[in-house]
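Asker: So the chains spell out like this:
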Amino acid sequence: MLMNIVAPYNTGRRFAGLLPEGEDLIASVIRMCIQHSVRMGVFSIIGAVRSATFGIFDQRQKVYVTRTVEGSFDILTCTGNVSPKDGKPFVHAKIILGDEKGNLTGGHLFSETLVFYAEFDLLEMIMEPYERTYDERTGLFLWPYA
Amino acid sequence: MLMNIVAPYNTGRRFAGLLPEGEDLIASVIRMCIQHSVRMGVFSIIGAVRSATFGIFDQRQKVYVTRTVEGSFDILTCTGNVSPKDGKPFVHAKIILGDEKGNLTGGHLFSETLVFYAEFDLLEMIMEPYERTYDERTGLFLWPYA
Amino acid sequence: MLMNIVAPYNTGRRFAGLLPEGEDLIASVIRMCIQHSVRMGVFSIIGAVRSATFGIFDQRQKVYVTRTVEGSFDILTCTGNVSPKDGKPFVHAKIILGDEKGNLTGGHLFSETLVFYAEFDLLEMIMEPYERTYDERTGLFLWPYA
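Protein chains in written order, with numbering that gives the first Met the number 0: chain A, 0 to 145; chain B, 0 to 145; chain C, 0 to 145.
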């Protein structure tokens, strides 16, 4: 059995605010992290998008099956983290959207996802960064197992 | 391009507990914030409701399309924040509900939404409060853009 | 009217990492809490599962209606807390899953739910623990009302 990794971390700075309207959600989070030198963090966002791209990981084929939607969608949750991949800030997030009929959809968040408005809360994690590394078993770039 | 706003904030008090059964979720969060003089905060709630009202923002008509549901619904997520509007605590939250058939629904949370049980976790944000202000482009009361 | 309970708490340690692949999600969180002597906490998880069991509480019959699913599902949210029940760490969590067609399902999380990968963020709460106690009105083991 593989061990899980459990690292304690210290709470760094916290940031709250609005992501820029009409821009890509992931790109905006990354830009903010670069501007403020945040290497690792966790965040939560609520708001709305004009369009979104997201997918679910097919665990057998080891590929994301993606979809793109356009229209009026509220962001009901967008939960994710930032950690380095190839030395640069990388966002891993999931999003759930609601439409006017009361239907929900969502998945692993991709670009391009255009913000209508987005209120974020980001916590910087102070720790030895988890560098994302390719994991053969899952086919994903994961934090390292012990 | 509009700039996003990114304010660092300090972590204030944290509160956890149960919201009162049979009462409106938003009213209960506001009452708690007034009792404890919380001006800004973020919160997360899980539990169940007896009934709920929620909506999705129609970005063209600039109006919320709302729905009300009654019955046995678990609160799978309820993520939101508190910040002043017209000088009073205002709750902005999204909710996702699940029913017995495994179907999910949800949206922007409105009153009246009656709690069956609700476990909350609230973090006070120490910062110059973001006063909600009408934003012409979106038609929403948002935190101010720079 | 029953009063809500609102206890302030102090922020304890924070932990982030991966839950072990192929193991039950709830059991893994409990094992981690025992290993690190975490008595109360709140957590958030994103990732994917191979299979999951979850339910919605039927408020009239006072019983959970449960479902089990198998296949490729991303964990879009998994929000919960840890607090003692009969003196042992007990996990109360809700989960939302997405499938390849863009459909979402979820509910109150049960075992057995097998992790494909799961990135967690856990905050220890420093406070007099809320012992879960049977509540006659709801039929649930809740934190105590005042």
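It is worth saying that the hints were derived from the structure and are not from the lab.
Where hints are given, some of them may not hold.
Repeated chains share a single entry, so a pair holds when one copy, or any two copies, can fit it.
[Claimed, not checked] Cross-link-like lysine to any residue pairs, in silico, SDA-like; alpha carbons within 25 Å at most:
#, residue 1, residue 2
1, K61, V90
2, K61, R49
3, K87, R49
4, K61, G11
5, K61, R12
6, K100, R38
7, K87, K100
8, K87, D98
9, K100, M126
10, K100, S71
11, K100, P7
12, K100, Y8
13, K84, I29
14, K61, I125
15, K84, G11
16, K100, R49
Asker: Now tell me if each hint is right for this structure.
Answerer: To see whether the hints hold, each was checked on the structure:
1. In this assembly of identical chains, K61 and V90 lie within 25 Å of each other by CA distance solely inside one copy; the values are 19 Å within and 31 Å between copies.
2. Proximity of K61 to R49 under the C-alpha cut-off of 25 Å is restricted to the inter-copy arrangement: shortest distance 13 Å between copies versus 29 Å within a copy.
3. Taking CA atoms no more than 25 Å apart as the test, K87 paired with R49 passes in neither setting, with 27 Å inside one copy and 30 Å between copies.
4. In this homomeric assembly, K61 and G11 never come within 25 Å of each other (Cα to Cα): the closest approach is 35 Å inside a single copy and 38 Å across copies.
5. For a Cα distance limit of 25 Å, the shortest separation of K61 from R12 qualifies neither inside one copy, at 36 Å, nor across copies, at 35 Å.
6. For the identical chains of this complex, K100 and R38 are neighbours neither inside a copy (39 Å) nor across copies (34 Å), given an alpha-carbon limit of 25 Å.
7. Taking the shortest alpha-carbon separations for K87 and K100, neither the intra-copy value of 39 Å nor the inter-copy value of 32 Å comes in at or below 25 Å.
8. For the homomeric pair K87 and D98, neither the shortest alpha-carbon distance inside one copy (34 Å) nor that between copies (30 Å) is at most 25 Å.
9. For the homomeric pair K100 and M126, neither the shortest alpha-carbon distance inside one copy (43 Å) nor that between copies (37 Å) is at most 25 Å.
10. For the identical chains of this complex, K100 and S71 are neighbours both inside a copy (11 Å) and across copies (20 Å), given an alpha-carbon limit of 25 Å.
11. Taking CA atoms no more than 25 Å apart as the test, K100 paired with P7 passes in neither setting, with 43 Å inside one copy and 37 Å between copies.
12. With identical chains, the CA atoms of K100 and Y8 are never at most 25 Å apart, being 42 Å at best within one copy and 37 Å at best between copies.
13. Only within a single protomer do K84 and I29 lie at most 25 Å apart by alpha-carbon distance; the minimum there is 12 Å, versus 30 Å between protomers.
14. With identical chains, the CA atoms of K61 and I125 are never at most 25 Å apart, being 32 Å at best within one copy and 41 Å at best between copies.
15. For a Cα distance limit of 25 Å, the shortest separation of K84 from G11 inside one copy, 20 Å, qualifies, whereas the shortest one across copies, 29 Å, does not.
16. With identical chains, the CA atoms of K100 and R49 are at most 25 Å apart both within one copy (16 Å) and between copies (20 Å).
Checked against the numbered hints given earlier, the structure breaks hints 3, 4, 5, 6, 7, 8, 9, 11, 12 and 14 and satisfies all the rest.
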